[in-house]
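Chemist: Sequence:
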Amino acid sequence: MRNAHVTLYVFSTELVLRKLSFIISIFNLKKRDIAVGIFRYLEKARDSNSKLPMYVMFLQSGNLRFKLVFYGRIARKLSTIQRPFLLAISGAYRTTSTAALQVILGIPPLHLQLQREARGTALFRLRLPLSTNVSDIDPSEIEEKATGWSTHPSEHLSPTQISLDDGGNINTGLRIYTDGSKTGKGVGAAFCVLTDINITHRWSTRLSLRNTVFQAEILALLKAVEHAVSLPTQQLTILVDNQASINSAANPKSHNSIARKIFKLLHSHPHIRVSWIKAHAGYIGNEEADRLAKEAAETENFPETPLELPKSFIKTFLRQKMLATWQMAWDDGDTGRLIHNIIPKVSLDSINWTRNKVLFFTGHGPFP
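Under full-length UniProt numbering, think of the first position of the sequence shown as 1, with each following residue one higher.
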């Protein structure tokens, strides 16, 4: 049987230094000296035939199985790198435990930050799935960042096509109102067509709870533009209560793929105007679009439109995973128990204790 080809990626110096760069600048340390030291250690470990005491990523060509392996040895080494900075920031005594200082300052253990970066790199850049006990996220479902220009730089929208002034006083021609909504039950997008004072057309859809309000807003705008394109050429205005989606759609270099589709449609149909409108100001069309979006978000069996997962969701997910692992280590640890009784839950927010409070609550200070 042919042995599976294995490609090895080592996440090393750059990821460590990226997180420490701001501290390095504070203490006026030389990046080069730290980088050389870490790099030499990693090079030596990589050339060794023993187990690699570092983060590694194995890509097995047979089934694209992905594993993150981390050994305690590098965790301890990263802890020794982080500890002097924790002591300097907090002003604590050298006898204070590292775990307690991390919780007090809201700074996670360095090896957990490195683990989060490695997982993010696997999903975003390498498009590899994580192990099933970590996540069931399919990398192909993650939103990709669009680059470059969507059209030639000389092509742009007419100045009258986009307006960020309140379009609530527009009462002539066909008007299409869009909206997006997110509740605890789901995400919804909708638009409605207003002719004179009558609603003549409605559209709405449900999105995954993993999607964002911005995705709902930009999808509703796309569907409204597509509907406008299908109508006979006439005076027409699309009224949106979200300025971020308007700005994204008007930008030919937007990183959002849906926004790029909108730009191309608007560029080829200059009679379609897009204007911002103040939300919840009593406009009939806006209130109806808002109702439709909320109805779609809160109705479980509502027809759903699949959208790629936003990068913000993945980042939040990885951060929560890191916090859960940190919390488990904090609860099961042997050191810093006095601080654990005071601060039982880890957080990325500092407690903002003065040095005297740190010395008092940790019990490590110039006490008799």
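No lab work stands behind these hints: they were computed from the structure. We put the CB at the ideal spot given by N, CA and C, even for glycine. Incorrect hints may appear among the rest.
[Unchecked claim] Quick list of the computed label-pair ranges, beta carbon to beta carbon:
1) Asp138 with Ala281: 24 to 32 Å
2) Pro270 with Glu300: 17 to 25 Å
3) Thr80 with Leu348: 48 to 56 Å
4) Pro84 with His280: 46 to 54 Å
5) Thr305 with Thr195: 42 to 50 Å
6) Glu287 with Asn133: 43 to 51 Å
[Stated by the list, open to error] With a straight-line cut-off of 25 Å between C-alpha atoms, the simulated DSS-like cross-links for lysine-lysine are:
7) Lys253 with Lys311
8) Lys145 with Lys264
9) Lys294 with Lys145
10) Lys278 with Lys294
Chemist: Report the numbers of all earlier hints that the structure fails to satisfy, in ascending order.
Modeler: Violated: hints 1, 2, 3, 5 and 9.
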